[in-house]
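In case you want the letters, here they are:
2 protein chains.
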Amino acid sequence: MAKVPVGTNLDGWLDAYADRTGQLSVSEVRALFAVVSRPEVVSLAGGMPYVKALPQELLVKSFNMMMRDRGNLAMQYSGGQGDETLRDQIRELMALEGIRSSVEDITLTTGSQHGLELVAGLFLNAGDVVLAEGPSYVGALGIFKHYQAEISHIHTDDDGISPEALSTRIASLRRAGKKIKFLYLVPNFANPSGVTLSKARRAKVLEICRQNHILVLEDNPYGLLYFDKPTPNALRSLDEDGVIYFGSFSKILVPGFRVGYVLAPPAIRQKLVLAQESAILCPSAFSQMMISEYLANSDWQAQISTFRSVYKERRDAALAAMKQHLPKLSTTKPGGGFYLWVKLPEGIDSKAMLPVAVKNLVAYTPGTAFYGDGTGQDFLRICYSYPTPEDIRVGISRLASVINLQTELLDTFATTTNRGK
Amino acid sequence: MAKVPVGTNLDGWLDAYADRTGQLSVSEVRALFAVVSRPEVVSLAGGMPYVKALPQELLVKSFNMMMRDRGNLAMQYSGGQGDETLRDQIRELMALEGIRSSVEDITLTTGSQHGLELVAGLFLNAGDVVLAEGPSYVGALGIFKHYQAEISHIHTDDDGISPEALSTRIASLRRAGKKIKFLYLVPNFANPSGVTLSKARRAKVLEICRQNHILVLEDNPYGLLYFDKPTPNALRSLDEDGVIYFGSFSKILVPGFRVGYVLAPPAIRQKLVLAQESAILCPSAFSQMMISEYLANSDWQAQISTFRSVYKERRDAALAAMKQHLPKLSTTKPGGGFYLWVKLPEGIDSKAMLPVAVKNLVAYTPGTAFYGDGTGQDFLRICYSYPTPEDIRVGISRLASVINLQTELLDTFATTTNRGK
Numbered sequence: 019m020a021k022v023p024v025g026t027n028l029d030g031w032l033d034a035y036a037d038r039t040g041q042l043s044v045s046e047v048r049a050l051f052a053v054v055s056r057p058e059v060v061s062l063a064g065g066m067p068y069v070k071a072l073p074q075e076l077l078v079k080s081f082n083m084m085m086r087d088r089g090n091l092a093m094q095y096s097g098g099q100g101d102e103t104l105r106d107q108i109r110e111l112m113a114l115e116g117i118r119s120s121v122e123d124i125t126l127t128t129g130s131q132h133g134l135e136l137v138a139g140l141f142l143n144a145g146d147v148v149l150a151e152g153p154s155y156v157g158a159l160g161i162f163k164h165y166q167a168e169i170s171h172i173h174t175d176d177d178g179i180s181p182e183a184l185s186t187r188i189a190s191l192r193r194a195g196k197k198i199k200f201l202y203l204v205p206n207f208a209n210p211s212g213v214t215l216s217k218a219r220r221a222k223v224l225e226i227c228r229q230n231h232i233l234v235l236e237d238n239p240y241g242l243l244y245f246d247k248p249t250p251n252a253l254r255s256l257d258e259d260g261v262i263y264f265g266s267f268s269k270i271l272v273p274g275f276r277v278g279y280v281l282a283p284p285a286i287r288q289k290l291v292l293a294q295e296s297a298i299l300c301p302s303a304f305s306q307m308m309i310s311e312y313l314a315n316s317d318w319q320a321q322i323s324t325f326r327s328v329y330k331e332r333r334d335a336a337l338a339a340m341k342q343h344l345p346k347l348s349t350t351k352p353g354g355g356f357y358l359w360v361k362l363p364e365g366i367d368s369k370a371m372l373p374v375a376v377k378n379l380v381a382y383t384p385g386t387a388f389y390g391d392g393t394g395q396d397f398l399r400i401c402y403s404y405p406t407p408e409d410i411r412v413g414i415s416r417l418a419s420v421i422n423l424q425t426e427l428l429d430t431f432a433t434t435t436n437r438g439k
Numbered sequence: 019m020a021k022v023p024v025g026t027n028l029d030g031w032l033d034a035y036a037d038r039t040g041q042l043s044v045s046e047v048r049a050l051f052a053v054v055s056r057p058e059v060v061s062l063a064g065g066m067p068y069v070k071a072l073p074q075e076l077l078v079k080s081f082n083m084m085m086r087d088r089g090n091l092a093m094q095y096s097g098g099q100g101d102e103t104l105r106d107q108i109r110e111l112m113a114l115e116g117i118r119s120s121v122e123d124i125t126l127t128t129g130s131q132h133g134l135e136l137v138a139g140l141f142l143n144a145g146d147v148v149l150a151e152g153p154s155y156v157g158a159l160g161i162f163k164h165y166q167a168e169i170s171h172i173h174t175d176d177d178g179i180s181p182e183a184l185s186t187r188i189a190s191l192r193r194a195g196k197k198i199k200f201l202y203l204v205p206n207f208a209n210p211s212g213v214t215l216s217k218a219r220r221a222k223v224l225e226i227c228r229q230n231h232i233l234v235l236e237d238n239p240y241g242l243l244y245f246d247k248p249t250p251n252a253l254r255s256l257d258e259d260g261v262i263y264f265g266s267f268s269k270i271l272v273p274g275f276r277v278g279y280v281l282a283p284p285a286i287r288q289k290l291v292l293a294q295e296s297a298i299l300c301p302s303a304f305s306q307m308m309i310s311e312y313l314a315n316s317d318w319q320a321q322i323s324t325f326r327s328v329y330k331e332r333r334d335a336a337l338a339a340m341k342q343h344l345p346k347l348s349t350t351k352p353g354g355g356f357y358l359w360v361k362l363p364e365g366i367d368s369k370a371m372l373p374v375a376v377k378n379l380v381a382y383t384p385g386t387a388f389y390g391d392g393t394g395q396d397f398l399r400i401c402y403s404y405p406t407p408e409d410i411r412v413g414i415s416r417l418a419s420v421i422n423l424q425t426e427l428l429d430t431f432a433t434t435t436n437r438g439k
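Heads up: the sequence lines are chains A and B, in that order. Under this note's numbering, the residue at position 274 of the first sequence is numbered 292, and the numbers go up by one with no gaps. Under this note's numbering, the residue at position 236 of the second sequence is numbered 254, and the numbers go up by one with no gaps.
Just so you know, these hints were derived from the structure itself, not from any lab. Some hints here could point you the wrong way.
Copies of the same chain look alike in the list, so a pair counts if it fits in one copy or across any two.
Said to hold, decoys possible - EDC-like, lysine to aspartate or glutamate: derived pairs with alpha carbons at most 20 Å apart: (1) K79 with D317; (2) K197 with D33; (3) K70 with D87; (4) K341 with E408; (5) K341 with E331; (6) K163 with D37; (7) K70 with E408; (8) K197 with D29; (9) K196 with D33; (10) K346 with E426.
Take these sequences, add in the hints, and give me the full structure.
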């Protein structure tokens, strides 16, 4: 992430900002939005769902039902915890991943991002440590940094975060006198790696966190978007007191409503609702009721199946194109979700290469976005959810040209350098 | 406000909360929502607009236009600053109060409450001071306290905040070594007092803040809801660098969309957008585009006139009922907005009296909610925006019985006590 100067000489309020404001930075992912909008560029960057796969009639039906039955409530202020009918429907959604919950313990939020922001605010003092996968979701890292927390990445492989590495790191941080508040995880089809935490590791990770009194933040926007087989049950299904679970409608319905949800132990949930009321009074009743009507009156499970098919076809297109055009590079093989994580040939810096790629009409997200410590230059993220399979093929073929050219340049440079010696 | 214990013995995470979490409290206003919902109680508490005064057809038309023209954009993630079309339309809205602005300097937020939260986060360190009217909006006080700021109330009369008292207070706080960050104001038909800052005082207040390098937060949800004559031009129209302006669609359209806006100087706006992206990624495109279509295709100025008539009738009903049933009590005489501020007879505590009032089927908001320092017991707020004029008359007549009974009890007690001496 590129630090933005807290103020310039043109800013008359330069001396007035809070300490935390120095942590605000422009994420590479967000800065790419401008690039994405140019039609000639194939963007493998974004992270956006393919909303055209949702028939608009379904939303029209939801709107009409809502205005007829609950129009005046949808237009009004509502409770700080969110609509009770929708919270009850969410119980059914979470049960698909083995979670037992009560309506009282669910809080609706402005996207799961805001849930994460509010929970971070409840717990993080400056200098606290948050443990995270390496790589980890850029949006979560931004929140933790904004609260002046330190991020400590734990070694992660094709089965997710490593329990052994987790134990070792906790011990060394404790020896250094650090206060560890959270383990933050995207256990299913992680952003950006695409990997899933194995069933065997889930129990181990929970046991380690329980023993060390560390709260687990389970962020699960992609769990229901599996391609081959369902994911292991949620971590929350194995531990009700030590896990705060974050869900979202952005990927299984649409992101435009900004509705997510948090399932938290009662004492934490009580404070979460107060923090939400302080921050926004209440989440949008209109958005919540649109979703509630949709869940009540449409075959939402069939719609999730449709999304699965769409994204599976795109994952297949991406993997096939990688095999064809960049056979020497290793990538993760996601069983669901939106992302491939690609290891670059040694010596290539994904951040430095990005402008060259955009000049060649393809965009991706550099690996550095997903580390809080400045590493990740030798990786990049490909998001296959938004472009069509044909665009994915074109995009990856362009990416291959760029990478191959960089490799040639590196080889030439190495040869020249050797000759010079 | 009643402090909520940060944790109990039942909370296994009691030791893990952040310092700021100790500031979270249940606001009296929010706690009253449960009472409001009982149909036999006349609630003069709420603060809710009368959304039934908006013809639902207008929203149906907006929805249909939006889905036809921008459906896929409405469903998708959007930019962190908000929809550019809506931002441009908001320029026209603000121009009604004398404000000149550019599209680039406007940021859309999840209600103006979240704008206030984000701006507070940019500036407030623990121990900073925020100056506010006395009384002041409970939701803003909650935000400032959450950031561990100290609130200093400035004497306020029927012409708004007193420039002399402001000067004196700033000087004494400076002498005590305090860092003053904001003056927070609701200059038009303030919540809870209903008073409007006079034109002459606006210039003086701005000059004092400029000289003392204090940012002015101008929170203006009610300005267009005047009954007799338009309000003086906004403070922002007189000072572009020293004022952050907060606007809202909650009172001139509906609150259910949760859409507000912030007009800030460029350097601050840049950081505000980053803070918003960190907190929620982006505000709801769906909500924003519904409002944008409404402004484009409906006679929104005529609708605001309708709201004015509805609320004027209710204000008149409230003042007439006060004169009839409680002629000895002094109240403010609001020229717009939602609220009357009532001074109680000496010795009556509005917070202690509330349960008696609810038992007598009328609810109000105790004055203590609107002070950050525990004072305000001898005041209460009446909100006349939501109940019908007939309900207002019934509610105030019930309130009169409760107050008169309390006064009699006090007199009897005083007499008895005197006799005992």
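Against the structure, the hints come out as follows:
1. In this homomeric assembly, K79 and D317 come within 20 Å of each other (Cα to Cα) only inside a single copy, at 12 Å, whereas the closest approach across copies is 26 Å.
2. In this assembly of identical chains, the alpha carbons of K197 and D33 lie at most 20 Å apart only when taken from different copies (11 Å versus 30 Å within one copy).
3. Proximity of K70 to D87 under the C-alpha cut-off of 20 Å is restricted to the inter-copy arrangement: shortest distance 14 Å between copies versus 27 Å within a copy.
4. In this assembly of identical chains, the alpha carbons of K341 and E408 lie at most 20 Å apart only when taken from the same copy (15 Å versus 75 Å across copies).
5. With identical chains, the CA atoms of K341 and E331 are at most 20 Å apart within one copy only, with a shortest distance of 15 Å there and 73 Å across copies.
6. Proximity of K163 and D37 under a CA criterion of 20 Å is satisfied in both settings, with 12 Å inside one chain copy and 17 Å between copies.
7. Within a single copy, K70 and E408 get their C-alpha atoms as close as 16 Å, which meets the 20 Å cut-off; across copies the closest is 50 Å, which misses it.
8. Taking identical chains as interchangeable, the C-alpha atoms of K197 and D29 lie at most 20 Å apart only when they sit on different chains, with a minimum of 19 Å there against 36 Å within one chain.
9. Taking identical chains as interchangeable, the C-alpha atoms of K196 and D33 lie at most 20 Å apart only when they sit on different chains, with a minimum of 15 Å there against 30 Å within one chain.
10. In this assembly of identical chains, K346 and E426 lie within 20 Å of each other by CA distance solely inside one copy; the values are 14 Å within and 91 Å between copies.
In this structure, every one of the numbered hints holds.
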